[in-house]
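All chains should be built: construct the whole structure from the sequences, respecting the hints.
Protein chains: 2
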Amino acid sequence: MNNLADLTTPYLLLDPEKMRANCERLQAHMNKLGVPLRPHVKTAKSVDIVRRMIPAGRGPITVSTLKEAEYFAEHGFTDMTYAVGISPDKLPRVARLNRAEVTLRVLLDSKAQAEAVVAFAKMERLSIPALIEIDCDGERAGLQPGDDKIVEIGRILHENNQLAGILMHAGGSYHCPDKAAKQAAAEHERMTAVAVKQQLLDAGLPCEIVSVGSTPTAHFAKDLTGITEMRAGVYVFHDLVMAGIHVCSTDDIAISVVATVIGHRPDKGWIMTDAGWMALSRDRGTAKQEVDQGYGLVCAMDGTPYPDLIVANTSQEHGVLALRKGSKAKLPELRVGSKVRILPNHACATASQFQGYVVPDGDELVFWPRINGW
Amino acid sequence: MNNLADLTTPYLLLDPEKMRANCERLQAHMNKLGVPLRPHVKTAKSVDIVRRMIPAGRGPITVSTLKEAEYFAEHGFTDMTYAVGISPDKLPRVARLNRAEVTLRVLLDSKAQAEAVVAFAKMERLSIPALIEIDCDGERAGLQPGDDKIVEIGRILHENNQLAGILMHAGGSYHCPDKAAKQAAAEHERMTAVAVKQQLLDAGLPCEIVSVGSTPTAHFAKDLTGITEMRAGVYVFHDLVMAGIHVCSTDDIAISVVATVIGHRPDKGWIMTDAGWMALSRDRGTAKQEVDQGYGLVCAMDGTPYPDLIVANTSQEHGVLALRKGSKAKLPELRVGSKVRILPNHACATASQFQGYVVPDGDELVFWPRINGW
Numbered sequence: 001m002n003n004l005a006d007l008t009t010p011y012l013l014l015d016p017e018k019m020r021a022n023c024e025r026l027q028a029h030m031n032k033l034g035v036p037l038r039p040h041v042k043t044a045k046s047v048d049i050v051r052r053m054i055p056a057g058r059g060p061i062t063v064s065t066l067k068e069a070e071y072f073a074e075h076g077f078t079d080m081t082y083a084v085g086i087s088p089d090k091l092p093r094v095a096r097l098n099r100a101e102v103t104l105r106v107l108l109d110s111k112a113q114a115e116a117v118v119a120f121a122k123m124e125r126l127s128i129p130a131l132i133e134i135d136c137d138g139e140r141a142g143l144q145p146g147d148d149k150i151v152e153i154g155r156i157l158h159e160n161n162q163l164a165g166i167l168m169h170a171g172g173s174y175h176c177p178d179k180a181a182k183q184a185a186a187e188h189e190r191m192t193a194v195a196v197k198q199q200l201l202d203a204g205l206p207c208e209i210v211s212v213g214s215t216p217t218a219h220f221a222k223d224l225t226g227i228t229e230m231r232a233g234v235y236v237f238h239d240l241v242m243a244g245i246h247v248c249s250t251d252d253i254a255i256s257v258v259a260t261v262i263g264h265r266p267d268k269g270w271i272m273t274d275a276g277w278m279a280l281s282r283d284r285g286t287a288k289q290e291v292d293q294g295y296g297l298v299c300a301m302d303g304t305p306y307p308d309l310i311v312a313n314t315s316q317e318h319g320v321l322a323l324r325k326g327s328k329a330k331l332p333e334l335r336v337g338s339k340v341r342i343l344p345n346h347a348c349a350t351a352s353q354f355q356g357y358v359v360p361d362g363d364e365l366v367f368w369p370r371i372n373g374w
Numbered sequence: 001m002n003n004l005a006d007l008t009t010p011y012l013l014l015d016p017e018k019m020r021a022n023c024e025r026l027q028a029h030m031n032k033l034g035v036p037l038r039p040h041v042k043t044a045k046s047v048d049i050v051r052r053m054i055p056a057g058r059g060p061i062t063v064s065t066l067k068e069a070e071y072f073a074e075h076g077f078t079d080m081t082y083a084v085g086i087s088p089d090k091l092p093r094v095a096r097l098n099r100a101e102v103t104l105r106v107l108l109d110s111k112a113q114a115e116a117v118v119a120f121a122k123m124e125r126l127s128i129p130a131l132i133e134i135d136c137d138g139e140r141a142g143l144q145p146g147d148d149k150i151v152e153i154g155r156i157l158h159e160n161n162q163l164a165g166i167l168m169h170a171g172g173s174y175h176c177p178d179k180a181a182k183q184a185a186a187e188h189e190r191m192t193a194v195a196v197k198q199q200l201l202d203a204g205l206p207c208e209i210v211s212v213g214s215t216p217t218a219h220f221a222k223d224l225t226g227i228t229e230m231r232a233g234v235y236v237f238h239d240l241v242m243a244g245i246h247v248c249s250t251d252d253i254a255i256s257v258v259a260t261v262i263g264h265r266p267d268k269g270w271i272m273t274d275a276g277w278m279a280l281s282r283d284r285g286t287a288k289q290e291v292d293q294g295y296g297l298v299c300a301m302d303g304t305p306y307p308d309l310i311v312a313n314t315s316q317e318h319g320v321l322a323l324r325k326g327s328k329a330k331l332p333e334l335r336v337g338s339k340v341r342i343l344p345n346h347a348c349a350t351a352s353q354f355q356g357y358v359v360p361d362g363d364e365l366v367f368w369p370r371i372n373g374w
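Those sequence lines, one after another, are chains A and B.
So for the first sequence, the UniProt record's numbering puts the first residue at 1; every next one is plus one.
So for the second sequence, the UniProt record's numbering puts the first residue at 1; every next one is plus one.
A few of these clues could be false.
It does not matter which identical chain is used: a pair holds within one copy or between any two.
Stated by the list, open to error - The calculated PhoX-like cross-link candidates involving lysine-lysine, where the alpha carbons are at most 20 Å apart (straight line), are:
| id | residue 1 | residue 2 |
| --- | --- | --- |
| 1 | K268 | K149 |
| 2 | K111 | K268 |
| 3 | K268 | K330 |
| 4 | K32 | K149 |
| 5 | K325 | K268 |
| 6 | K179 | K222 |
| 7 | K18 | K330 |
| 8 | K330 | K222 |
| 9 | K179 | K288 |
| 10 | K222 | K32 |
| 11 | K18 | K149 |
| 12 | K268 | K328 |
| 13 | K339 | K288 |
Since the hints were derived computationally from the structure, they do not count as laboratory data.
Listed below in structure tokens is the structure:
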């Protein structure tokens, strides 16, 4: 960092031991199921972090933007999948990466996209491998299993040797607090993938990659027969949304926003801090969960949560700490200048509000930059 | 910009004519009421923009972070108010600015803060002017009018010649769709300010600055007798939240996020784009307004809104366009690769997701960078 002595709040603190434990836990589960992990780097967006997730530092990784792809390629990563539907105007940037030693797969779910990708690859005389996006739970993009378009698109891609396989994301698993429901979502994702692969094979087409994933299904899958890779992102840090559906505990959450107390409203039961929505993000992902954590759960600097203390409201640069409604806990005495740590609802959203991570390293603090933007 | 030909979506498009009209409208109203404007630069965070708001380029401005203060000081601004309660650990950065030709006022609402600011200023042998924060509508920080602490704090500051005045923010006006309610909020803000000033004068203390403001009250104030400056921020761009409470029309909104269509779900009535919450922000400020705009209102590239088409849902890098519930409009035909413009719920939040503004300048596009962070 430029000047650690001047560390101003709000800043984003990363606990590298918790992060390591989160990574080891999922890696061990994947090892047991015999399926390689392709981490989604959209959460961390930091080479310092992703190199710790993947020590060899080449991949496989999943990216959510071409800026991530370019950044990780610059840092030596070579095996990437861009897991957002491709539009033709982005193909020149994709091609620049595929011209180097990098493999960057694209994703699509229409004949128009497949024709554009094939035409562009032919014109540029290079390979742009493509995955067909499948919808397994009605949450987002993708074709329905059994849709004839899957084979039509497969044929368009295969004609130019560009059919890499299929990809799906069980986003519905984020709404599954029950263990059985998460296990069912994982098995449904697997079965969908296996069926679509068979659809391609039956049409005489290859399907080398069968890619599934979401942090909840990755952790709760009991069998991944037929799957060639698992994608997951937020598990590297975890967050209150994941804790709210029992994928982790709040104690596993590896990032927190450090804030300073800047005032009090004893008449309202409020403690004011300098971490507003600009630091915490506007994400209210726990609002519809069993326990609404407001804009975040407030902890002492040693990481211990204060009983029932949440960020009840925010302005751009103000956070309002208050006890949950109905709580019988006592508001802690936190004088102006005191520091607190706030666990985020959604790690991807909160981390994106910062330019990097402050990380304890022995007795020192180091700064791991991250990228944002497109 | 590095390479305008490679302009990738999502990007943030700024219409400089709309911005100019928004600035002129409020400036004309302030001229009529005889009160100078101290724009809040937390919305734009760009010297290219703020120099157009304040052509002399010295101030007065309001800032929400010390990073803004340092950035605008580097660019020649000298008259600033940091309108978030000060914590003692931030005083060294405040002092560095006040040591130069800059005046940076701080804000506080407790004796502990006042004592810390006075002690620090004495130790450093410089002046750190301070404003006392007053609460005019129970929304955030500040002391209640009539509270004895106002005079106590005033005395502590005045003893070292640091009492600059008082400041309040009518944040409650954001919940006032009615014209009469906004006018009443403005008059209540004014009356509160005048009463607190009198409280200080009655105690033999000075009160040079009487600072009020919010975008709704700034536009709807009919009389500002006794007020020395008006602060407002979001009016520079306006947004759907301001349109929803009739401070502007949707046609006044000067920024939009340009997105590319990346797919379709005809079975669901969805059009998928590459502008998810990472581009639009998680702000759902219109959710409780009369018209819920989802994550934004979708327009053609010429700025015309598509009837009833909103961003109904988002993932990190996916936006789902859909018609409002109950709409009889027809989903527009937008092929993969088509561009749309999305008007934001909350300009401050959406702009903060970007590193700058793409601005038409004659037949060209230029890039105006902005700062983020602390």
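Okay, the hints, checked on the actual structure:
1. K268 with K149: between (59 Å within a copy, 17 Å between copies)
2. K111 with K268: between (58 Å within a copy, 19 Å between copies)
3. K268 with K330: For K268 and K330, only the intra-copy Cα distance (13 Å) is at most 20 Å; the inter-copy one is 48 Å.
4. K32 with K149: The answer is neither: 35 Å in one copy and 64 Å across copies each exceed 20 Å.
5. K325 with K268: within (12 Å within a copy, 38 Å between copies)
6. K179 with K222: Answer is within; shortest intra-copy Cα gap is 12 Å, inter-copy 60 Å.
7. K18 with K330: neither (29 Å within a copy, 50 Å between copies)
8. K330 with K222: neither (43 Å within a copy, 44 Å between copies)
9. K179 with K288: Cα proximity of K179 and K288: one copy only (18 Å, versus 33 Å across).
10. K222 with K32: Close inside one copy (10 Å), not across copies (71 Å); limit 20 Å.
11. K18 with K149: Neither: 44 Å inside a copy, 45 Å across copies.
12. K268 with K328: Answer is within: at 15 Å inside a copy they meet the 20 Å cutoff, but 46 Å across does not.
13. K339 with K288: neither (29 Å within a copy, 33 Å between copies)
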